[in-house]
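Taken in order, these protein sequences are the chains called G, D and X. Residue 228 in the numbering used here is what sits at position 228 of the first sequence, and the numbering runs on without skipping anything. Residue 83 in the numbering used here is what sits at position 83 of the second sequence, and the numbering runs on without skipping anything. Residue 164 in the numbering used here is what sits at position 164 of the third sequence, and the numbering runs on without skipping anything.
To be clear, the hints were calculated from the coordinates, so they are not data collected in a lab. No experiment lies behind these values; they were computed from the predicted model shown. Incorrect hints may appear among the rest.
Claimed, not checked - A short list of chain G residues far from chain D (calculated; beta carbon distances all over 10 Å):
(1) Asp25
(2) Leu55
(3) Phe96
(4) Lys129
(5) Arg167
(6) Tyr174
(7) Asp175
(8) Glu244
(9) Lys281
(10) Trp308
Claimed, not checked - If the Cβ cut is set under 8 Å, some of the chain X residues that face chain G in the computed set are:
(11) His152
(12) Asn188
(13) Asn194
(14) Leu230
(15) Ala233
(16) Ile304
(17) Pro305
(18) Trp308
(19) Asn309
Here a beta-carbon is modelled for each residue, glycine too, at the ideal position from N, C-alpha and C.
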Amino acid sequence: MKFETPIPVTEIASMIGAKLVGNADLLATGLNEIHKVEPGDISFVDFEKYYNASLNSKATIIIINKEVDCPEGKAILVLDDPFSAYVSLVKKFRPFVPSTNMISDTAVVGEGTILQPNVFIGHHVRIGKNCLIHPNVTIYDHSVIGDNVIIHAGTIIGADAFYFKKRAEREVQYDKLESCGRVVIEDNVEIGANCTVDKGVSGDTIIGRGTKLDNLIHIGHGAVIGKNCLFAAQVGIGGKAIIEDNVILWGQVGVSKDLVIGKGAIVLAQSGVPSSIEGGKTYFGTPVEDARHKKRELAWVKRIPEMWNKLNS
Amino acid sequence: MKFETPIPVTEIASMIGAKLVGNADLLATGLNEIHKVEPGDISFVDFEKYYNASLNSKATIIIINKEVDCPEGKAILVLDDPFSAYVSLVKKFRPFVPSTNMISDTAVVGEGTILQPNVFIGHHVRIGKNCLIHPNVTIYDHSVIGDNVIIHAGTIIGADAFYFKKRAEREVQYDKLESCGRVVIEDNVEIGANCTVDKGVSGDTIIGRGTKLDNLIHIGHGAVIGKNCLFAAQVGIGGKAIIEDNVILWGQVGVSKDLVIGKGAIVLAQSGVPSSIEGGKTYFGTPVEDARHKKRELAWVKRIPEMWNKLNS
Amino acid sequence: MKFETPIPVTEIASMIGAKLVGNADLLATGLNEIHKVEPGDISFVDFEKYYNASLNSKATIIIINKEVDCPEGKAILVLDDPFSAYVSLVKKFRPFVPSTNMISDTAVVGEGTILQPNVFIGHHVRIGKNCLIHPNVTIYDHSVIGDNVIIHAGTIIGADAFYFKKRAEREVQYDKLESCGRVVIEDNVEIGANCTVDKGVSGDTIIGRGTKLDNLIHIGHGAVIGKNCLFAAQVGIGGKAIIEDNVILWGQVGVSKDLVIGKGAIVLAQSGVPSSIEGGKTYFGTPVEDARHKKRELAWVKRIPEMWNKLNS
Chain G
1 MKFETPIPVT EIASMIGAKL VGNADLLATG LNEIHKVEPG DISFVDFEKY
51 YNASLNSKAT IIIINKEVDC PEGKAILVLD DPFSAYVSLV KKFRPFVPST
101 NMISDTAVVG EGTILQPNVF IGHHVRIGKN CLIHPNVTIY DHSVIGDNVI
151 IHAGTIIGAD AFYFKKRAER EVQYDKLESC GRVVIEDNVE IGANCTVDKG
201 VSGDTIIGRG TKLDNLIHIG HGAVIGKNCL FAAQVGIGGK AIIEDNVILW
251 GQVGVSKDLV IGKGAIVLAQ SGVPSSIEGG KTYFGTPVED ARHKKRELAW
301 VKRIPEMWNK LNS
Chain D
1 MKFETPIPVT EIASMIGAKL VGNADLLATG LNEIHKVEPG DISFVDFEKY
51 YNASLNSKAT IIIINKEVDC PEGKAILVLD DPFSAYVSLV KKFRPFVPST
101 NMISDTAVVG EGTILQPNVF IGHHVRIGKN CLIHPNVTIY DHSVIGDNVI
151 IHAGTIIGAD AFYFKKRAER EVQYDKLESC GRVVIEDNVE IGANCTVDKG
201 VSGDTIIGRG TKLDNLIHIG HGAVIGKNCL FAAQVGIGGK AIIEDNVILW
251 GQVGVSKDLV IGKGAIVLAQ SGVPSSIEGG KTYFGTPVED ARHKKRELAW
301 VKRIPEMWNK LNS
Chain X
1 MKFETPIPVT EIASMIGAKL VGNADLLATG LNEIHKVEPG DISFVDFEKY
51 YNASLNSKAT IIIINKEVDC PEGKAILVLD DPFSAYVSLV KKFRPFVPST
101 NMISDTAVVG EGTILQPNVF IGHHVRIGKN CLIHPNVTIY DHSVIGDNVI
151 IHAGTIIGAD AFYFKKRAER EVQYDKLESC GRVVIEDNVE IGANCTVDKG
201 VSGDTIIGRG TKLDNLIHIG HGAVIGKNCL FAAQVGIGGK AIIEDNVILW
251 GQVGVSKDLV IGKGAIVLAQ SGVPSSIEGG KTYFGTPVED ARHKKRELAW
301 VKRIPEMWNK LNS
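Next comes chain G alone, as it looks inside the complex (with noise of 0.2 Å):
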């Protein structure tokens, strides 16, 4: 996410009680996690292993939990526990403020747009124009829609990733990463009943131009999904998954996170990918394989028992 107004490091670092090292005089422009960090970003890093990938990334301003150098023109705070830090100043900057009505003051939303009874959106939402939003819908805060988007029924958008830290000392070991990223979805896409998009933990889930998601279909927060799309019912996408153009995936796929689909891929029912696939080709399997290589392999086990006679002739 980004501030409204860039803050001076220095009130960032005695928000969170920090010692402040290197540049004093930069301003935070938003906070991230490591994988969406921008120039004027803050971001944390808490495991030593970590520490180089995060210092020599993007970010300007680091959170961490060892006094180490500071690489040039950034500034690091160091403190014990900088996920604890980070969330703090999530909730400071976006803090969750409860609804009073189904359809928030702060929403704005386009010409020729229908809204069906009883959908609910959430502070500071933008749709845009002929939209259909049917009913029971659910649109979390800062949510982005665009022009010519249907949302069947029930659909959830914006729900909060799903991201713990583990915290193995004590009695309720999950510690919950506040999310404050958003779900932005572009024009002229279709969302089926009962879906789950979530937002992204600091940057946006993305659904391109023209993808046509079915029912029951699970996003995970920070995927980016293409344009031109085609996902059946019940597939699910796990989180920072990347699924490029006119990719194809049928019933019950399940896709893991921090992976890339190429355009194109074709991905047949209930197949699982654990891992990047190239685009341009069909997949079948769990863990996928190339389609025809996959029933090749269905065939030679089926040739099992002949084997066996062979070997015992």
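Based on these hints, arrange chains D and X on the given structure of chain G.
Same frame as chain G, but now just chains D and X:
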């Protein structure tokens, strides 16, 4: 769908700007895609390879993109883009009318039926007697629900069919086939929470008498589910699948479109059904096979290392 | 379920028209199906092969369809159809009462808890302090929710157990076991969007302290989920499954009913768990096996063509 009153074919031709060939005295009585067509219906075809099937179907009036010989007793309506012409007729005869109340004034609800708070009931919906519809259920326009039906919270009845024509030359490539079919739920059906049952493209999606669905189940457009079936949670059924009576599908089973599952078949959990299967048997696997056979196959796979050793000894 | 005040067994016998055999002075204190039964409870049995298990269970009063020897200190209630008699008692002692408001007057909501717009809260629901319940959530009657719980939009807590008795001789074959159990969600649980957590048949479905569920997850009736578990999106858990503490289930995992997943087990995405598995290990596959073992097996399958060549050389 059927029209309220028959429409002269000449009137249809002028609505869509088509050249009329054949019997100009015909009356159109309904609108149907090729899989559901009945005498009196208007249908459409835009691929040369389907011309014969369409012209020889039960359709009385065929919208087509080439001037071919018109079969005896029928009429053809010739224009460049039959798909768009058909969609324009759907929009004309089954227009979307926004709802202003949670329960439409045109809905009919039978005696003894309980509607829990915040149930949405669209226009022209008919619900029978002694039903129990739990909170936050959405029932789209024209759905028909029998007697003694229970629908649990959050379930969506009658969302649009997931059916698009690809227009590779356009920027927004998937062109929506507007659906004018219905969902018909027969007596004594129970549907769990957060399920989705899509309407048919032009015919009915049917859930047969006494069938029970668990939660988070998807039933695709135009599927016909028999009587006394039992589907466990997270099952997904593709469009126009026919599931005969007394079929049992365990959790997370996926069923492809355009197939038949025979009477009394049992499909074990997480299996995938890609094509028609006979009734009276138990199935397992993706793709499904006879369950005992599949289990033997799994046992054979475990013997590969033994075979390898034997081969190398 | 427990009765508000104990009921003489003679009164129960006359309610259901049963012949009372054994101790006629007993008081019934609750109603439970066989898996959850406690001393003082009424239970039922209608299959001869379960007679002994039922008569020797902790149940004090057993509804049964044959006049057998009554165990010391118990009572049996003899009639033709114990299932229907039991269901009639459930309906009598836990009658369904329609709701007229979105939030029942009998619900108790703790201090600091935020209910977003259009949350349905049924009769006798108890919600603790500092919870956040997002829009369009449905919480059925008698559910119990602890402190600091977050429930995302569209989730359904406490829908009916999916549990039917087959009556092959009837036209409507599946006869519903009315459920009188509850859902109990402990402190610091977070549940994602569009999940479904069913109530127990007669006991409680429990989600343990600090457990976090992603979106579109199904938890079956009477399942007991431990503390600090993590379930990714689209996981499904069958009825009465016991998931011990610190279990991690990745996306689209399916877990069958009536089994135990041991403490700290990890089950990889899309796997299927058909029966109990030990804690402390990582699993993969349908049916699940030790993940390393399963991956070796997948590698062996790829060597079948090589074996075939060797065999034929």
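- Test the statement that Phe96(G) is away from the interface with chain D: the closest C-beta pair must be farther apart than 10 Å. Label holds. Min Cβ-Cβ 22 Å, cutoff 10 Å.
- Agreement of hint Leu230(X) with chain G interface, Cβ distance less than 8 Å: holds, 7 Å
- Task: With 10 Å as the threshold, tell me whether Trp308(G) passes as away from chain D on beta-carbon distances.
- Result: violated, 6 Å
- Task: Confirm or reject the statement that Asp25(G) sits farther than 10 Å, beta carbon to beta carbon, from all of chain D.
- Result: holds, 46 Å
- Message: Pro305(X) was flagged as interface toward chain G. Is the shortest Cβ-Cβ separation under 8 Å?
- Response: Hint holds; Pro305(X) Cβ to chain G Cβ min 6 Å, cut 8 Å.
- Just checking, Arg167(G) versus chain D, shortest CB gap more than 10 Å? The assertion about Arg167(G) holds, with a minimum of 31 Å to chain D.
- Is Asp175(G) truly not at the interface, in the sense that its beta carbon sits beyond 10 Å from all beta carbons of chain D? holds, 28 Å
- Assertion that Tyr174(G) lies farther than 10 Å from chain D (Cβ): holds, 24 Å
- Measuring from the C-beta of Asn309(X) to each C-beta in chain G, is the shortest one below 8 Å? Asn309(X) check fails; min Cβ-Cβ to chain G is 11 Å, beyond 8 Å.
- Item | Hinted contact Ile304(X) with chain G - closest CB pair below 8 Å | Holds - the Cβ of Ile304(X) comes within 8 Å of chain G, reaching about 4 Å at its closest.
- Message: Just to be careful: measuring from the Cβ of Asn188(X) to every Cβ in chain G, is the smallest value less than 8 Å?
- Response: Where the cut-off is 8 Å and the nearest Cβ of chain G is about 4 Å from Asn188(X), the hint holds.
- Interface hint outcome for Asn194(X) [beta carbon to chain G under 8 Å]: With a closest approach of 5 Å, the Asn194(X) hint holds.
Comparing the model with each earlier hint shows violations of hints 10, 19; every other hint is respected.
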